[in-house]
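Asker: Anchor point for the sequence shown: position 436 equals 436 in the numbering used here, and the numbering is continuous, going up by one each time.
Certain hints may be false.
Derived pair list, reagent style EDC-like, types lysine to aspartate or glutamate, alpha-carbon separation capped at 20 angstroms [stated by the list, open to error]:
1. Lys326 / Asp201
2. Lys161 / Glu44
3. Lys358 / Glu417
4. Lys358 / Glu302
5. Lys74 / Glu102
By construction, these hints were calculated from the structure, which means they are not laboratory data.
Quick caveat, the model's predicted, so the values are computed rather than measured.
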Amino acid sequence: MVRFMKPFLVLLMMMTITGNHTVAEEIPLYQLNVRLQPDTHTVEGHVTLTFPAGNEIAIDTDSFTVTGWSLNGKTVSSLDGIRRKIRNQSGPHVLELDYRKEFSDTPGGNVVNSSAVMLLSGWYPEIHADSRYQLTVTLPPELTPVSETDSVLLTANHVEKTVYFDFPHPTPGITLVAGPYHVREEKFRDITLRTLFFTDDDNLSFTYLDQARDYIDLYEKILGKFPYPLFSIVENRYPTGYSFPTYALLGSRVVKLPFIVKTSLGHEILHQWFGNSVYVKKEKGNWAEGLTTYLADHWYQEQQGQGAEYRKKLLIDYRNYVSQEKDIPLKDFRQRKDRADQAVGYGKAAMVFHMLRKEIGDTLFFAGLNKIVSREKFRTISWQDLEKDFSAVTRKDLAPFFRQWVERKGLLSFHIEGPNVVYRDGQYRLTLDIRQE
């Protein structure tokens with residue numbers, strides 16, 4: 001969901017790596033203080049970016065009106081001046097800037113108006129590096145904001161409301177949604193569960209909270225502790241079905257569908273483990289959608305004895321929608337754009353995880369998933385990292401399996417040779433050879 005646009009300001013920073021984990025103190029701290037002005041569809045913000053000196057980092061300011069810069073507490077008049085100072089001074093550095101941006105409420109884009117706010121990318125000057133985020137939002141009192149966060153702190157009066165969000169984990173970026181929500185909240189174990197629905201749909205909150213508890217209970221038994229202390233289910237006026245760290249964003253038409261709580265809700269909650277705490281290195285292939293499809297949509301059918309029928313449907317969809325021109329290897333799947341992409345990135349990938357489970361057995365398969373959840377948390381990983389983790393658990397070289405199914409297009413190509421039928425003692429005996437290309 002994060003975009004990077006040019007031109008941008010190149011800063012210098014350093015991130016210390018121990019093993020494959022970033023040392024927390026060396027991760028940039030991005031503090032963002034914004035004021036939402038729905039009447040003018042505008043966001044005004046102040047950025048405080050704290051980072052150590054070292055390698056290059058990019059900050060996008062191209063689409064924003066920047067009204068002021070400072071570096072280490074001193075006003076700087078030009079971008080070139082900032083670059084020179086960063087190169088000539090030791091870190092850490094504190095870069096501050098004020099910006100303003102107006103949004104046009106175009107379909108599918110960012111929205112800031114009196115009935116809804118949806119800011120998913122390009123709404124603040126983004127940096128090309130994982131950071132820790134602290135977000136402070138000031139907005140009209142009738143709107144309630146939601147963002148990635150471990151905690152929420154609210155102050156309000158009759159004129160405006162200010163909400164503070166803290167997400168202390170490295171992440172590529174953050175989002176912001178707001179609306180005139182009715183908020184319901186409860187504790188489940190050590191997790192705060194919330195629904196933020198519009199008044200007309202508030203009666204659905206109880207069903208969603210009940211089902212959320214069931215899904216979290218199910219997946220904690222399989223994968224271990226829920227990744228975050230807070231999880232919100234948020235209604236949106238626009239047709240979305242997204243999962244972000246600590247919340248799911250579901251369109252109004254979707255939340256009203258009776259089957260959603262039995263299917264899509266569990267899928268989005270499972271994404272809190274795969275995609276939203278173990279991140280996806282999309283340039284190497286989006287593995288999370290296939291794994292989530294397998295452990296959610298397919299899993300629910302399997303528990304009802306209909307797993308084979310669900311897998312058959314995945315194969316039929318692949319045959320129906322994936323032509324030779326449309327086919328891609330899993331390593332090239334990024335996100336769903338059409339039915340062919342879905343049949344590959346969701347369906348075929350789910351089948352690959354099913355084959356892996358059958359190959360190594362349930363015990364090692366789920367041990368591998370637990371290793372991934374614990375070892376790779378807040379890291380961005382690829383299919384190759386999954387291969388290494390499963391190989392370590394099974395003590396078996398799984399590279400040939402992953403290479404065949406992730407790096408190559410298509411399904412198995414095989415044909416039958418030498419069929420022979422013999423009738424004996426009232427029964428037919430069929431023998432044949434199956435040859436795989």
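Asker: Each of the hints needs a verdict: does it hold here or not?
Answerer: Comparing the hints with the structure gives:
no., hint, in the structure
1, Lys326 / Asp201, "violated (40 angstroms)"
2, Lys161 / Glu44, "holds (15 angstroms)"
3, Lys358 / Glu417, "violated (26 angstroms)"
4, Lys358 / Glu302, "holds (14 angstroms)"
5, Lys74 / Glu102, "violated (28 angstroms)"
Violation of the numbered hints given earlier is confined to hints 1, 3, 5; the remaining hints are satisfied by the structure.
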